[in-house]
Amino acid sequence: MYPQAMCDLIDIVDGTRGKRKGEAIERLSAAELKELLARYHPDYREAAFRNLRVGVNRGDRTTHEIADLLEAFSDLDHSKIDLRPEYDADVLVLGGGGAGVTAALFAEGMGARVILATKLRLGNSNTIMALGGMQVSVHESDSPVRHFADTMAAGKFAGNRKLVKTMVEDGPRIVQWLLDLGVDFDRDGEGNLAVKGGGGLSAPRIISIGDYTGLNIMKVLKDQIRQVEGIDVFEFSPAVELTTNEFGECNGAVLYDLGRKRHFVVRARAVVLATGGSGRLHMQGFPTSNNFGATGDALILAYRAGARLEGIDSFQYHPTGIMFPEHMVGVLVTEAIRSLGAHLVNARGERFVNELETRDACAAAIIRECERGNGVRIPSGATGVWLDTPLLEETREKGFLKGRFPSLFRHFMRVRLDISKQPLLVYPTLHYQNGGILIDEKGETTVKNLFTAGEAAGGIHGRNRAMGNSLLDIFVFGRRAGLAAAKRKYNEPGNVTLNHVHRYYDRLKALRISSTAKSPTLFPEFIVNKL
Amino acid sequence: MKGDDAIITVELEGRKIKVPAGLTVIEALWDTGHDVKRGIGCLSGLCGACTVAFIERESKKVRFGLGCQKVIEEGMNVIMIPCFPCRAARYSLEAVALEKLKELYDELYTCNDCRACNICPEWINVAGVMRAAMAGDYEAAAAQVTDCVMCGLCASRCPKNIAPHFVALYIQRALARERPSPPNLESRLEEIESFRYDGEWSRVAAMDDEALREFCTAMAGR
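Line order of the protein sequences matches chains A and B. The C-terminal residue of the first sequence carries number 530 in numbering that gives the first Met the number 0, and the numbering is unbroken. The C-terminal residue of the second sequence carries number 221 in numbering that gives the first Met the number 0, and the numbering is unbroken.
One or more of the hints may lead you astray.
Below, a sample of chain B positions facing chain A; criterion: calculated Cβ distance under 10 Å [unchecked claim]: (1) Thr8; (2) Gly40; (3) Leu42; (4) Lys69; (5) Cys85; (6) Arg89; (7) Met133; (8) Leu168; (9) Arg187; (10) Glu190; (11) Asp208.
These aren't lab readings, by the way, just hints derived from the structure by calculation. Backbone N, C-alpha and C fix where the C-beta goes; we use that ideal spot for every residue, glycine too.
The following block holds chain B by itself, in its conformation from the complex:
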């Protein structure tokens, strides 16, 4: 962990190199003079730009994560995979509908639940989402992907060329568009369109700075 000045040896982008302990993959790349721009975004684990693949010392398993969050360890072999090709369907907004899912993403229905996609850095059960989508339980699918950062790691693992993040996003959009309009928003829009607040606005416009200050303070107190 941080605080000690230990130097560790890692294999970074295919090269054995010494770095201080406690850095993230991205920090280690910077620290060793790699001019990385592609694959860097928010540095908070939210934008999904900095996907990495790595093997830990004495492990046989390739694992995946976000480069701004993954702290490197002695003997780790790590590379960045800043983008991976995956297909996003084209559709017009007016035609977005849940029934169209099969037409737009027919490869989804070849999913045999191998669960190779369950490597999500946000700990989403991707295979579970795909199962729900195939079964037509769209609400259940959408409820699990609010935290999806669209890094696309799941798509990179799918032997059937499914892009689970795009499938899930389509379901989210289609569901949202099918929901009835929120009554509170509708009535507010109606009020605005019928000039309900114009009287109050013209009073505010006529106020000098002092009067505005009083008006706002009084309103906050109410």
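For reference, chain A alone in the conformation it holds in the complex:
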């Protein structure tokens, strides 16, 4: 329920709805888009970035939040850790989201003994929050090459061609695998996979399961992990450091048992790092749509071990994150709402951008509106703009929102907001880490025997990820990383050491960098006051 002060503001939106219906806003020209992004997109706000002073990517630009953690010491007193392995496995998978579980299943299928360790519960990840769907070129007007072209263009040609080609080519095969596991993608009347269009796609390419695509895939994958013999799952056991042998090759990790508050070492012939992105670092103070555990641990661990990072100055801000009620701040409202014609409206009841612009442009336009003082300011002090959902009820039909977006509708009914009658207050929310740890087509990083998959990996999405490509990427590269890691099972892992960490610390000390931050972060702090 909105407080009275906000209802008065909503009257303005209601008042201009009729007039807005007939209005058309032109798409931005290339030059206008460039200027909008340069002035208002968070990725271009120079004061929020600095260049790394240490490590493989020395000189590269990243956000202060990430630089602080990369240039930090660990909380862990290495001298007090017993590095004798408590467990031994062929493949150690870190992370229990879509990428990690896929890697574990494929590695197990190759006969590897797998340990999967995850910070929270198995499946607690951003995968389950992938609402919209997954891109895969199955429509007759579509092709893998077209998918490639759209992905490269969306990423502003900063993506690695080989990785993008790998992803789009493997797409149809990985969907077949998911179908075989019993994932029930929506079908059309002829039994085809039903495909929808989306922003920046030149052919209909989004396959989905209602408006809970990722959740329904994850449910099946979790169920499958229960059924196979060769995977041990350690929940509530985040990795706090990787280990390396005398040649600098990765051979395991130090994990922290949250329940018993103690560290232990798992030695492995290969490690798959699939711990996801970094939204919970709340870059530049933005709210985030990410889950509780997304604190960018993979970047920190891999970087200390000597892995090259890629594109870590580029993030995706989803334009429509909730701003009210406060306990839902950062939660996404699906892009489909805008695709179907809902307006973005400022405090004066005016539109200010064509809602079909790409995510980065819409986000920048909302920020511009708020900085110009046209944003809606609410009692808690936060600002945002309106997403005029009742408009859809008027232009489509009564009951349209409830029928088309049942879960979204229900989420707001729980807090007594009827989105068919009242608009939603939104502001851009930190959604996705476009870059990450650089991988090759096998999913291997620049450190031998260290693989990465999912949002932690970089090089695929360039400077902007197209809708639906992250769900695809986690399965494609999860599979590849799992298979390649399993092939290392006859490796001699060697001695478990933290030599790479000591070397890294020495460089920090030599540069007289003494950060107060401790990394990895593991859990966000002060989360109640996240704004």
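Position chain B relative to chain A; hints supplied.
Frame of chain A; chain B shown alone:
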């Protein structure tokens, strides 16, 4: 609601404590210094990790919900139930079939429709799903559980030890595996296997950055 600075008194994890109004159960736990990790996940109401049981002031009824979504109110008595034991059947993927449901989950057929399980935070009519499953109307059962977040609250209430979320998931998987392969996917896989796109790929591979840019832009325009 939010916006006012009122302080309310609640009973949190068995202890009477004052918290600011407007927080969710999880926020209230954090705010009062509880170091909760177990039972926290997406914070968006999707992962089903943060199940809670609560009694509202002057109510006789124990109610259930998700801790990241439930806003605490004056006089509420609330605890987290981050996990509840329930049995998931073991089966091999090849043997997944709807006929096997009775063998794997025979307790389902002891359901007497008491509807104690109808406490779903996603508003699923769990008892209705179980009725459909028992009657063999699997499509109807599966159609209602797309939004199930596997929190397991329904299983915690069942006097017959049925785990409705696992039963429903099995039905979903079995149904999906019985569906014919999608024709559009099959023909695309066939094309890929017969190297249909290799010519185009080698042209793309030979392009420099400028040519690739033009190629992609032209393709998007088509």
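Residue hint Gly40(B), partner chain A, criterion CB-CB below 10 Å
This hint holds: Gly40(B) lies near chain A, its Cβ roughly 4 Å from the closest one there, short of 10 Å.
Grab the minimum C-beta distance from Thr8(B) to chain A and call the hint holds if it beats 10 Å, violated otherwise.
At 18 Å from the nearest chain A Cβ, Thr8(B) fails the 10 Å test, so the hint is violated.
Once the shortest beta carbon distance from Met133(B) to chain A is found, is it less than 10 Å?
violated (21 Å)
Take the shortest C-beta to C-beta distance between Arg89(B) and chain A; is it under 10 Å?
holds (6 Å)
Would the hint on Glu190(B) be counted as holding, given a Cβ-Cβ threshold of 10 Å to chain A?
With Cβ-Cβ at 8 Å, under 10 Å, it holds.
Under 10 Å, Cβ to Cβ, is where Lys69(B) needs to be relative to chain A, so tell me if that hint holds or is violated.
Interface hint status for Lys69(B): holds (9 Å vs cutoff 10 Å).
Is the hint on Asp208(B) kept, meaning its closest Cβ partner in chain A is under 10 Å away?
Holds - the Cβ of Asp208(B) comes within 10 Å of chain A, reaching about 7 Å at its closest.
Status of the hint placing Cys85(B) at chain A (closest C-beta pair under 10 Å):
Nearest chain A Cβ about 12 Å off; hint violated.
Interface hint outcome for Leu168(B) [beta carbon to chain A under 10 Å]
holds (6 Å)
Holds or violated: is there a CB of chain A closer than 10 Å to the CB of Leu42(B)?
holds (6 Å)
Is the shortest C-beta separation between Arg187(B) and chain A less than 10 Å?
holds (5 Å)
Checked against the numbered hints given earlier, the structure breaks hints 1, 5 and 7 and satisfies all the rest.
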